[in-house]
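Trainee: Sequence:
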Amino acid sequence: LLDPQRFIKKLGEEDIKGILVRGGTILGTTNRGNPFALKKFVDGKEIEVDRSKVILKNFRKLRLDGIIAIGGDGTLSIANRIFEMGIPVIGVPKTIDNDLSCTAITFGFDTAVSTATDALDRLHSTAESHKRVMVVEVMGRNAGWIALHSGVAGGADVILIPEIPFEMKYVTKKIQERYASHREFAIVVAAEGATPKGGLQFTKVKSGGEVRLGGIGEWVAREIERRTGRETRSIVLGHLQRGGRPTTFDRLLATRFGAASVRLFKAGMVGQMVALDPPDIVGVPLAEAIKRLKLVPPTSDIVLTARELGISFGDQ
1 LLDPQRFIKK LGEEDIKGIL VRGGTILGTT NRGNPFALKK FVDGKEIEVD RSKVILKNFR
61 KLRLDGIIAI GGDGTLSIAN RIFEMGIPVI GVPKTIDNDL SCTAITFGFD TAVSTATDAL
121 DRLHSTAESH KRVMVVEVMG RNAGWIALHS GVAGGADVIL IPEIPFEMKY VTKKIQERYA
181 SHREFAIVVA AEGATPKGGL QFTKVKSGGE VRLGGIGEWV AREIERRTGR ETRSIVLGHL
241 QRGGRPTTFD RLLATRFGAA SVRLFKAGMV GQMVALDPPD IVGVPLAEAI KRLKLVPPTS
301 DIVLTARELG ISFGDQ
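Residue numbers (our numbering): 1 to 316.
Simulated from the structure, these hints should not be mistaken for lab results.
Lysine-lysine pairs mimicking DSS-like chemistry, simulated, CA-CA at most 27 Å apart:
no., residue 1, residue 2
1, Lys39, Lys61
2, Lys10, Lys53
3, Lys9, Lys39
4, Lys53, Lys9
5, Lys17, Lys266
6, Lys9, Lys61
Restraint-style ranges between C-beta atoms, simulated for each label pair:
no., residue 1, residue 2, range
7, Thr305, Ile47, 46 to 52 Å
8, Arg22, Ile302, 25 to 31 Å
9, Lys131, Pro165, 28 to 34 Å
10, Gly199, Lys40, 34 to 40 Å
11, Leu20, Tyr170, 40 to 46 Å
12, Gly33, Gly12, 24 to 30 Å
13, Arg242, Lys9, 20 to 26 Å
14, Glu288, Val262, 20 to 26 Å
Backbone N, C-alpha and C fix where the C-beta goes; we use that ideal spot for every residue, glycine too.
Full structure from sequences and hints, please.
Mentor: Right, here's the structure in full:
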């Protein structure tokens, strides 16, 4: 809506044929398009400009009925502000991090977990063949859902998540115990936002000065090799988790979210986010959905299950 001539296209049935089995963001996307704080350079300096009035103007000019905003906490926070301007909005929770509150699961999460689990399955072979420790870094800035689910499903020995600060002495203790029991390889899964106890999240500076999370896997691998003498390799799955064919579960969930969004619009229930409240899809206030992130409770069933399986979180 900031530039409708470039980005707005009327969709017909021909445009959406065959997309059910495809991954990706077919409608297009941006993570740098906050209309309330649009970045631009003036006299060599980066400033933020509020262009939200342009959205309202173009919305009215195009005579649209409303907006369905699909995305994570950033997208839906912007969607809520647009709703507060008087534009009818429905939110759809889409993030592989699964960190949006008010919905049991976000779509994209199941596919990402399946991708990460498949990678762990494959790494078991090379780890066992070469008697190595393999450290796999997966996505998860603030929430460790992907690391936790793929780690349990993929038979990891250690899982490191942001919600449970870890100590390397406990990580290496678990690895040494495994080698001592004649299972001479180990798998460690680390969420990108995992932090050592008393430490900070690991970041990397991209070209242009942008700071992003990353590096935890490499650091953990280096520390394991230094402390144990065991050959250790690190792998960053990165954007592999965001691509590929969606799982059956994600196809069904996304389809149900889409249908529910239209139902809410027809009923005049705007300012809502569609959410999975098993077994139903319901509407919850957008303002409520973005209040807080959904983090992994350290005492949740799946964490307890992992501990009972002998998986270490590096905290004891």
